[in-house]
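Engineer: Use these hints to put chains E and L onto chain Y, whose structure you have.
Here's the letter readout for the chains.
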Amino acid sequence: MSKWDISGINEWKSGEFPLGAVIPESGNSRDYVTGGWRSDRPYRNDDVCTQCLLCWIMCPDSAINTENEEVTTFKLNHCKGCGVCANVCPVNAIMMVPEGCDLPEVK
Amino acid sequence: MPTQKTVAATGNTVVAEAMRQCAPDVMAAYPITPQTTIVEEFAGFVAKGRVHTEYVTVESEHSAMSACVGASAAGARVMTATASQGLALMWEELHIASGMRLPIVMANANRALSAPINIHCDHSDIMGARDTGWITLFAETAQEAYDNTIMAVRIAEHPDVLLPTMSCLDGFITTHSIDRVCIMDDESVTGFVGQYEPQNALLDLENPVTHGSFAGLGGPFFEFKKAQREAIERSRAVINEVGAEFSALSGRPFGMVETWGMEDADVAVVVIGSTAGNVRHVARQMRDSGIKAGVVKIRCFRPFPYAELVEALSGVKAVAVMDRAESFGAEGGPLFLEVRSALYDRTERVPVINYIYGLGGSDVRLELIESVLNDLSEIAAGAVAPDGLVYLGSR
Amino acid sequence: MANLKELTHREDRLEGGHRLCAGCGASIAVRQVLLGAGLEPVVVGCATGCLEVSTTIYPYSSWKTPFIHNAFENSAATVSGVEAAFKGLKAAGKIPADKKVKFVAFGGDGGTYDIGLQSLSGAMERGHDMVYVCYDNGAYMNTGIQRSSATPKGAWATTSEVGVAQQGKQQRRKDLTQIMAAHNIPYVAQASISHWKDLTMKAEKAFAVEGPAFLNIFAPCPRGWRIPFDTTVEIAKSAVQTGYWPLYEVEDGVWRQTVKVMNRKPVVEFLKPQGRFKHLFAPGNEALLAEVQTDVDRQWDALQSRFGSV
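Residue numbers (our numbering), protein chains in the order written: chain Y, 1 to 107; chain E, 1 to 395; chain L, 1 to 310.
Read the hints as simulated data drawn from the structure, not as lab findings. Do not take every clue at face value.
Claimed, not checked - In the SDA-like style, the derived pairs of lysine to any residue whose C-alpha atoms are separated by at most 20 angstroms in a straight line are:
1. L/K5 to Y/P90
2. L/K99 to E/K48
3. L/K99 to E/N207
4. L/K237 to Y/T72
5. L/K5 to Y/N68
6. L/K99 to E/G44
7. L/K90 to E/L205
8. L/K94 to E/T190
9. L/K237 to Y/V91
10. E/K225 to Y/I9
11. E/K48 to L/K90
12. Y/K13 to E/R229
13. Y/K75 to L/R10
14. L/K5 to Y/T72
15. L/K272 to L/N285
16. L/K197 to Y/C52
17. L/K5 to Y/L53
18. L/K87 to E/G44
19. Y/K75 to L/S54
20. L/K87 to E/Q199
21. Y/K75 to L/E11
22. L/K5 to Y/E69
23. L/K153 to L/Q118
24. E/K226 to Y/G8
25. Y/K13 to E/G261
26. E/K48 to L/A91
27. E/K48 to L/A92
28. E/K225 to Y/P90
29. L/K197 to Y/E69
30. L/K99 to E/E206
31. Y/K75 to Y/L54
32. L/K87 to E/L205
Stated by the list, open to error - Listing some non-contacts, in silico: residues in chain E with all C-beta distances to chain Y over 10 angstroms:
33. Q4
34. E40
35. G261
36. S314
37. G360
38. P386
For each residue, glycine too, the CB sits at the ideal point set by N, CA and C.
Looking at chain Y on its own, in the form it has when it is part of the complex:
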């Protein structure tokens, strides 16, 4: 499936849109940033994390990356900072820290 180029969409005339308000590209909200909603960001301490993956399955924003069956980084362009991941973590490996403060390297 090819990328739908919407760079000029604000100038498109009525006849230039795909018919019937169809969105011809799937999952293109990946390009839409909701990270700006966040006031707190998740920080995971890998020394504590047991890789149980509960945070991943409970994330409302599909914002936790996985690789080789392990959680890796947070997708900070999508994470709204809800804190569900920190709340469900059984070993308190994730904490919510205010945006903008000095942090250890954020994952």
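Structural biologist: Same frame as chain Y, now just chains E and L:
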């Protein structure tokens, strides 16, 4: 040229036959008088294996059109039929079908709307749906209902159009009366309608698309509506082109506006549907007594053929518009409003009188039509036109 | 069925960048359902509501699979039409006869318990090969927290206000899961986002059956329930542990409790953290609070008596 056989059949039977010949992939339908025999006959075709159609026996007309929207978006050729309250219940979905640009074809058996409940013919149902973005064809006879249904498929699915289309026939009068109808052979119809090539089909799994998006947060909603207007304007040419092609194939004429006696008419009646035949009959008789009467029949109500209508009415001295539907509180019925608006740009003013007739199947006797032509004749000769609309034959 | 490690290999069919509230339970439900659905292609339909508007704001879609929204009350009828098209196009020879595709319709409780109930009932009765998923957050959240027939008795909502004459919603909630079980369809289940294993297992079963299946998923709404948005999953868990939301399935007519609750906690543990029940804890409302517990007990006992029975 196709092989045609002449049969004696009701309007509903030949609409069902036309649908079978057009071979929809999906039909979703719900029973309602006086449409029911269309979907009954079609169910018979399904049971006998004469069509490949997936037949969805929904639990309401709202779900009928909802399922049609889903099936059409999925990429299928889709048909249904309804009437009256059923069409009214679909109203929300009619807008969605056109807004999503889905070429669904539907037959409507024109019937009065409640209350009080009434099962007989008028055009309140379809006129209530006139701004839903559907192309709307009307039949005078069972033959026209058959022809319109086949043409509807080509018009709706045309890449320049992609809009849902209705094929309307008068409840009981056309749906249930046995009439003489020429039926084409299956191959000719199949060849005429061709294959449907859907755009953005939901079932194109390699190219997943989103249908029914939310364009309500400063999105281009306005532009989508304009695109719909542009499509229905383009449909005028397509309707005439498809009509001409069908005429060549069938030997039967087609026009968005069809006229009788208009070459030298002094007075004219504009009418939709089955009553047109009676009006022609009376007009013919009155010509014997010296009244030069003509008849203009509207066969396509949406898009409204205003240019054709103005041309047809050029030179007449008085016009009667017969409305089989009300638009309570408006200056006249829906057809009257269209006709008088179309005539506004003419330099020469012509009296246009609105007759509301036949609501809920109320009888339209020949003498009533005769009275309309007599009125017109007097008005054309200088008599004062009635103030406001006339309820024809009502107490 | 797959464990979490195995599930990470499956594609997340809901992309981020949607505009549901922070901590929304609906998107958690969708992710778990679609991860549990398996590997075959899935076509999704959705009723008008939070989930639909927030995931398809033109020109962005969060759906990585074919998606259709039609209107509020008809996601079941719409998806039944899509499924019919799949069969019709197979019959026409335009789709290979051996092609397998799954169909699912989502709706909130307003779109399912209330305005969409007829459409749902019809589609299930007709036997379409589709799954219907209700994400139940117990009110019309998209229009601003109005009461629905899924709203619990006593809950505040903007159309079941709290004042001297009335203490929130005055009626009991409808038991939709049992209504769907009464349709005698192959699979009906009640699940909660807090119990991912139970939920994904139920999704897997629902998608595997030939014919209609219904899932009713408890999906809290922090905004409407007046709870902190990090506690979505915690409160859902509490609903299960207090017996407010029992987890069970009805498979070919056999009722089975899928998550046992050993020491059922008092329902106040579920109610207390929620601002929508605040008034129930005010002096004078003791009887109302007791009535909520009585109702939960009665429904729990009635349900227990069905488990293991046919």
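Engineer: Run every hint past the structure and note whether it holds.
Structural biologist: Consistency of the hints with the structure:
| no. | hint | result |
| --- | --- | --- |
| 1 | L/K5 to Y/P90 | 17 angstroms, holds |
| 2 | L/K99 to E/K48 | 26 angstroms, violated |
| 3 | L/K99 to E/N207 | 16 angstroms, holds |
| 4 | L/K237 to Y/T72 | 26 angstroms, violated |
| 5 | L/K5 to Y/N68 | 8 angstroms, holds |
| 6 | L/K99 to E/G44 | 28 angstroms, violated |
| 7 | L/K90 to E/L205 | 14 angstroms, holds |
| 8 | L/K94 to E/T190 | 16 angstroms, holds |
| 9 | L/K237 to Y/V91 | 17 angstroms, holds |
| 10 | E/K225 to Y/I9 | 16 angstroms, holds |
| 11 | E/K48 to L/K90 | 18 angstroms, holds |
| 12 | Y/K13 to E/R229 | 13 angstroms, holds |
| 13 | Y/K75 to L/R10 | 18 angstroms, holds |
| 14 | L/K5 to Y/T72 | 13 angstroms, holds |
| 15 | L/K272 to L/N285 | 13 angstroms, holds |
| 16 | L/K197 to Y/C52 | 13 angstroms, holds |
| 17 | L/K5 to Y/L53 | 7 angstroms, holds |
| 18 | L/K87 to E/G44 | 19 angstroms, holds |
| 19 | Y/K75 to L/S54 | 19 angstroms, holds |
| 20 | L/K87 to E/Q199 | 19 angstroms, holds |
| 21 | Y/K75 to L/E11 | 16 angstroms, holds |
| 22 | L/K5 to Y/E69 | 5 angstroms, holds |
| 23 | L/K153 to L/Q118 | 23 angstroms, violated |
| 24 | E/K226 to Y/G8 | 19 angstroms, holds |
| 25 | Y/K13 to E/G261 | 45 angstroms, violated |
| 26 | E/K48 to L/A91 | 15 angstroms, holds |
| 27 | E/K48 to L/A92 | 16 angstroms, holds |
| 28 | E/K225 to Y/P90 | 52 angstroms, violated |
| 29 | L/K197 to Y/E69 | 16 angstroms, holds |
| 30 | L/K99 to E/E206 | 13 angstroms, holds |
| 31 | Y/K75 to Y/L54 | 16 angstroms, holds |
| 32 | L/K87 to E/L205 | 15 angstroms, holds |
| 33 | Q4 | 36 angstroms, holds |
| 34 | E40 | 32 angstroms, holds |
| 35 | G261 | 42 angstroms, holds |
| 36 | S314 | 34 angstroms, holds |
| 37 | G360 | 37 angstroms, holds |
| 38 | P386 | 43 angstroms, holds |
When the structure is compared with the earlier hints, violations turn up for hints 2, 4, 6, 23, 25 and 28 and for no others.
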